[in-house]
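The whole structure should be built from the sequences, with the hints applied where relevant.
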Amino acid sequence: MDPLCQGLTLSHAGHAGAMALLREAHARSLELHDERGVLMSAAALVLTSHTVGNFRDMAEMLKHVAALKQPAPALRAPDDELLGRTALLIGQLYVDLDDPDTDANVARLLALLEQPGGLDVNLRLAAARILLYFVEPRELRELGLRVNALVLPHLTDNALQPHRHGQWLLRWRSCAGYAKDPLQEAAATESARALAERHGLRDVRFTLAFDEVGHSLNGGDLRRAEAALADAEALVDPGSLRELMLLDVTRMRVALIKGQVDDALFRAVRARKLAVELQCPGPMLGAYIVNEASVRLLLNDGVGARRQMEEAIPLLPPGFAQEVREMIAAMLASEALDREDPRGREMMALVWAGLRERQFYDSFDGHPAFKARICMQALAQRIEVEFVTSVIRKCGLAPPANAPETWPWRLRVYALGRFEVQRDGVPLTAEGKGQRKPMELLRALIAHGATSRERGLPTGELIDLLWPDLEADAPKASFDMTLMRLRKLLQVDGALTLAEGRLWLDPALVWCDVTAFERDCHALTALPEAPGKEAELSAAARRLRLRRDLRLFGSTSVEGWATLARERLATRFANAITAYGCHLEEQAAWIAAIALYGHGATEDPLAEPFYRGLMRSHLALDQPAAAMRSFQRCRELLANVLGVPPSRETLALLARIPQA
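For the sequence shown, the numbering used here begins at 1 and goes up steadily by one.
These are computed hints drawn from the structure, not numbers from a lab.
The hints are all genuine.
Straight-line Cα separation of at most 30 Å, BS3-like style, residue types lysine-lysine; simulated pairs: (1) 476 x 437; (2) 533 x 258; (3) 180 x 258.
Distance windows between CB atoms, simulated: (4) 227 x 262: 19 to 27 Å; (5) 5 x 142: 32 to 40 Å; (6) 452 x 564: 14 to 22 Å.
Just so it is clear, the structure is predicted and the values come from calculations on it, not from any experiment.
Where is the CB? At the ideal position from N, CA and C, for every residue including glycine.
Pasting the structure below:
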């Protein structure tokens, strides 16, 4: 067998020696002035380079492949033309992006693939795989479905090499994933996994593990992502710069999730350098530059991030270049909203209008935390709510730590001023004796703040709260039955987590107004730890002022353990109002202080510190009459409800009020 045939056979099998044999075949063909041999060996080198991700010398090989564009190319056999045109399409997709003959080349490839027989099955799948790179990657358009239909009858051909089969499956699953078609994606994944196990395809197993990291990170499952990353690291070929480059990108994403931004930047920079060393074509190199830019964004280097993104735009195909321009616009809009720039909403609305018009779901796909952030900002501004919600759900985005009520939560629990549970925005009806205890269990979790793993409530404590009088062995059985009924009532898998003897509500699935309230109170109380965050503090105070009833579970009588929780929340509220009110006074923000203290006095009419804050603020604005009214209201309430006079501190402020 001549070196070209041997090299191509090894290429179909994924053998490491393919490139050396194909280079030998190419050199021999040049010496012999073998026109067909030069073209075919160059095409085989291009195809193999693309598969292994090493693009060195590809540009030189593509010069020989370009002979196919001549009126009378030196090819006669269908297999030769199929290989040559496949290599030509690789060049058109990665190097010569503006080639006007691309559509004609694709049409000819399809015509060749439509031949029921007479083609090498391995070349057939190689060509089909490259055609999927031409397909609009965001949807399964007609062309993608057509290519898949042309491939399916040949997947059982005994001559088909497992490696070539596996490479096809990996590309098809990726295409289905971009199209948000989970059924086809899952089917291709399982087929690829079974094939890899059956034939020991290390590279396919590596890619599956690598992709699993991405899926898990997009869904916010860090533990699963780290397990998949360990699998990928165990499978990596240390001699493959491409795989090392992919691992660096994956480690970068994991580091970002864990808040290790400096390490993430190190990984991103190294991945870009490896892409340069592999001589990756413009579109691929541009993607690695965008990756690095996105990390710089998270390091608050907005200028550096945008500079790199702008550097990448000329390297990218039109669709991706437009995506990067939209990313730059989204970054600018997000920054504007953060600093409360009045233009921020309009800027963000323009970004999302463009994404919705194109039904584009993949901006910042490699950085789900930032993607979730701009989704959250859009929802807070009531921008393209329906489309933003569909992006969150289709992409499986985990909510940011401070995601508001407007996020499309599976469950919302309202416990301040009432008790209501909503699933996907629809209130649940919990009627009947059989549902009383499950809802009491949910109330106990809310009252004790068991809304995260860190704050999970011990099951023993729950049993003591809810079944204090039962026999020694009966409470555990009662707890298990009640938990089962509550899960059945909520109908959201994973909403309730029981692990290591503790039970909690999953914060990625359940929003609770009590948790949001406590978070705002903490933000306002921890002022020394939050310099330069005036906008966030102002927003937290505004949310507190919008709450009209802070009594846990409303005005109804509650259990003893709920009474203690009510008192705890009231204390947190008082501390937050007092701390932030003093901060506003230090800033001479008297109008804002009056609004804050006024809300505090409405919620807790017997809290003297709030009236003193009102008196100080009115005096600072030279409003003695208003200051006197605040004192009089305080004195009357204390006398009528508690039968006590105002404190010395309050009377001292009274003495400062000028007499008319």
